[in-house]
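Visitor: Single-letter residue listing:
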Amino acid sequence: MKKRYLKPTEDPLWLKLILGAVTIGFIAVLLLLPLVLMFKEALANGLNGFWASMTEPDALASVRLSLIAAAIAVPLNTVFGIAAAWAIAKYDFRGKTFLVTLIDLPFSVSPVVAGLIYVLVFGMQGWLGPTLADHDVRILFALPGIVLVTIFVTFPFVARELIPLMVDQGRDEEEAAATLGASGFQTFLRVTLPNIKWGLLYGILLCNARALGEFGAVSVVSGHIRGVTNTMPLHVQLLYDNYDYAGAFTVAALLAMLALLTLALKSLLEWRYADELAAAHRR
Amino acid sequence: MKRLLSLAVAAGLFAGTAAQADVTLLNVSYDPTRELYKDLGAAFAASYKADKVTVNTSNGGSGAQARAVIDGLQADILTLALAADIDAVSKNAKLLPADWQKRLPDNSSPYTSTIVFLVRKGNPWKIKDWNDLVKPGIQVVTPNPKTSGGARWAYLAAWAFAEKAQGGNAQKAKDFVGNLYKHVPVLDTGARGSTVTFTKRGIGDVLLSWENEAHLALKESPGQYEIVYPSRSILAEPPVAVVDKNVDRHKSRAAAEAFVKFLYSPQAQEIEAKDFYRPRNQEILAKYKSQFPNIPLATVDGDFGGWAKAQATHFGDGGVFDQIYQPGK
Numbered sequence: 042m043k044k045r046y047l048k049p050t051e052d053p054l055w056l057k058l059i060l061g062a063v064t065i066g067f068i069a070v071l072l073l074l075p076l077v078l079m080f081k082e083a084l085a086n087g088l089n090g091f092w093a094s095m096t097e098p099d100a101l102a103s104v105r106l107s108l109i110a111a112a113i114a115v116p117l118n119t120v121f122g123i124a125a126a127w128a129i130a131k132y133d134f135r136g137k138t139f140l141v142t143l144i145d146l147p148f149s150v151s152p153v154v155a156g157l158i159y160v161l162v163f164g165m166q167g168w169l170g171p172t173l174a175d176h177d178v179r180i181l182f183a184l185p186g187i188v189l190v191t192i193f194v195t196f197p198f199v200a201r202e203l204i205p206l207m208v209d210q211g212r213d214e215e216e217a218a219a220t221l222g223a224s225g226f227q228t229f230l231r232v233t234l235p236n237i238k239w240g241l242l243y244g245i246l247l248c249n250a251r252a253l254g255e256f257g258a259v260s261v262v263s264g265h266i267r268g269v270t271n272t273m274p275l276h277v278q279l280l281y282d283n284y285d286y287a288g289a290f291t292v293a294a295l296l297a298m299l300a301l302l303t304l305a306l307k308s309l310l311e312w313r314y315a316d317e318l319a320a321a322h323r324r
Numbered sequence: 031m032k033r034l035l036s037l038a039v040a041a042g043l044f045a046g047t048a049a050q051a052d053v054t055l056l057n058v059s060y061d062p063t064r065e066l067y068k069d070l071g072a073a074f075a076a077s078y079k080a081d082k083v084t085v086n087t088s089n090g091g092s093g094a095q096a097r098a099v100i101d102g103l104q105a106d107i108l109t110l111a112l113a114a115d116i117d118a119v120s121k122n123a124k125l126l127p128a129d130w131q132k133r134l135p136d137n138s139s140p141y142t143s144t145i146v147f148l149v150r151k152g153n154p155w156k157i158k159d160w161n162d163l164v165k166p167g168i169q170v171v172t173p174n175p176k177t178s179g180g181a182r183w184a185y186l187a188a189w190a191f192a193e194k195a196q197g198g199n200a201q202k203a204k205d206f207v208g209n210l211y212k213h214v215p216v217l218d219t220g221a222r223g224s225t226v227t228f229t230k231r232g233i234g235d236v237l238l239s240w241e242n243e244a245h246l247a248l249k250e251s252p253g254q255y256e257i258v259y260p261s262r263s264i265l266a267e268p269p270v271a272v273v274d275k276n277v278d279r280h281k282s283r284a285a286a287e288a289f290v291k292f293l294y295s296p297q298a299q300e301i302e303a304k305d306f307y308r309p310r311n312q313e314i315l316a317k318y319k320s321q322f323p324n325i326p327l328a329t330v331d332g333d334f335g336g337w338a339k340a341q342a343t344h345f346g347d348g349g350v351f352d353q354i355y356q357p358g359k
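Just so you know, the sequences run in chain order X and F. Here my numbering is used: the first residue of the first sequence is 42, the next is one more, and so on. Here my numbering is used: the first residue of the second sequence is 31, the next is one more, and so on.
Bear in mind the hints are in silico, worked out from the structure with no lab data behind them.
Okay, derived cross-link-like pairs now, DSS-like style, lysine-lysine, Cα gap no bigger than 30 Å in a straight line:
(1) X:Lys81 <-> F:Lys68
(2) F:Lys230 <-> F:Lys151
(3) F:Lys230 <-> X:Lys81
(4) F:Lys275 <-> F:Lys132
(5) X:Lys81 <-> F:Lys249
(6) F:Lys156 <-> F:Lys212
(7) F:Lys317 <-> F:Lys291
(8) F:Lys132 <-> F:Lys68
(9) F:Lys165 <-> F:Lys194
(10) F:Lys291 <-> F:Lys249
(11) F:Lys151 <-> X:Lys81
(12) F:Lys158 <-> F:Lys194
On a predicted model such as this, the values are computed, not experimentally measured, just so you know.
Working from the sequences, and respecting the hints, build out all of it.
Guide: The structure is reproduced here in structure tokens:
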């Protein structure tokens with residue numbers, strides 16, 4: 042019988058099996074099982090119960106609030122991300138590294154701190170609070186505060202995705218366009234945007250996922266008014282604490298489904314445009 | 031004008047939940063009153079004829095809620111766990127006068143409660159009184175007195191018990207309470223958080239709980255828990271107040287004042303008793319007397335010289351609680 046030799050670059054079968062089993066086991070126990078249990082708990086009162094919890098006015102209000110916050114925060118951070126990446130990739134100036142570090146700040150700051158700094162600025166004991174109150178402008182414990190902290194925590198996503206991509210691409214194509222007589226806006230629309238579109242979409246998806254899911258920072262500035270300033274994650278906790286477990290897991294399942302949808306879109310992008318995205322990930 | 035604009039935006043955003051309401055009141059309340067004020071808010075909205083009124087509620091640890099109102103949460107009505115937290119709003123944000131507690135009957139507390147023990151079915155550790163809580167191996171669940179009102183009442187109840195048992199020796203009372211907090215594995219920020227820790231997460235052997243919160247836990251999971259009344263507890267008076275500056279700004283004073291008066295009406299007192307709060311109305315209290323056993327109760331005015339003093343001595347920065355509780359030790 043001919044003995045089979047392993048190539049030097051090949052791992053033995055037992056190692057492959059063990060690594061595979063550990064990975065699958067981990068994912069099953071830590072990710073899939075809790076997800077399945079969550080959907081099971083959400084359906085504890087049947088499909089009708091699930092529907093009733095989902096269409097309950099306070100639950101709907103929380104969905105609406107989360108979607109509004111994301112709908113404002115994500116476009117703003119998209120515009121900001123493109124502007125920042127453009128400035129950093131295409132121009133040379135002093136303090137560039139410092140600017141990149143600043144953009145990364147929300148990644149490293151705890152969300153609770155993110156919430157509290159807005160309390161310091163806009164709170165009644167804070168810097169701007171009393172002046173704003175005199176003019177009947179409400180920031181904290183209302184929609185504007187929730188949108189502001191959401192923008193803060195999702196600030197780096199688009200920029201972080203675009204900066205390496207645009208640095209990598211350099212400015213040759215833009216310069217070529219300029220010498221051919223294109224205006225700045227034309228250059229952006231016809232040259233830059235097509236080059237970065239997949240990286241941009243990827244950044245927007247991540248940004249959106251975080252905007253919908255943020256808990257800590259929003260919790261600090263929300264005021265927890267049921268049906269008014271509770272976002273979806275906050276409403277999940279409220280229902281859970283109210284002994285309404287089926288309701289809590291219904292809203293949680295809804296959040297999870299939004300996340301799964303984002304994940305599916307992301308996978309689709311990765312599968313369809315693997316090469317261009319690979320460039321986006323070279324950091 | 032800006033306020034009108036933001037109102038219009040708010041009305042647009044939340045159309046369907048609050049569109050027809052002429053007056054919206056925000057009741058900022060403490061943690062375990064979620065069910066109570068849902069019931070009371072609905073009953074008030076149905077009985078109040080002057081306006082179409084909606085009562086929104088925000089719940090959380092009493093101290094944390096006071097903090098939020100000080101920072102600008104637009105409460106029309108405060109229904110907190112203890113007077114010191116409304117004092118803090120009055121003192122730090124000047125939203126209502128210092129003598130707010132004299133404006134309504136019974137120390138502005140339409141209902142009272144007390145602190146009881148919630149133990150697991152069959153009372154496996156035979157916990158009967160405060161002394162049993164400091165036996166080796168017993169784990170006690172109670173929230174953080176810095177943020178939770180119920181936790182402060184529980185702390186004072188333990189202190190009052192120990193001081194009386196030790197013949198008025200304050201140092202021995204301090205040692206007892208210090209020892210008690212060595213048995214606490216986790217301090218949640220609010221009463222409901224602690225209840226969830228004890229019931230859903232299964233942590234601890236005994237929960238120091240509001241009487242109403244303990245009854246609610248029994249109702250939610252029949253047969254799993256038992257209530258133990260200690261030999262002596264404390265008369266907890268959760269007060270209510272209209273937040274003057276905010277109601278004037280919102281033009282909601284008439285409805286807000288009607289709401290706090292409504293809490294003393296027979297209809298509301300009946301709802302409070304049903305949700306396991308001890309009503310002030312003697313007839314209604316008598317009707318529900320089987321669920322409110324009569325035990326000796328210390329009072330914060332009689333035994334601790336009032337909330338202002340108790341708050342500063344025990345719960346202020348560097349106060350007795352800070353001296354006896356060191357996390358992780």
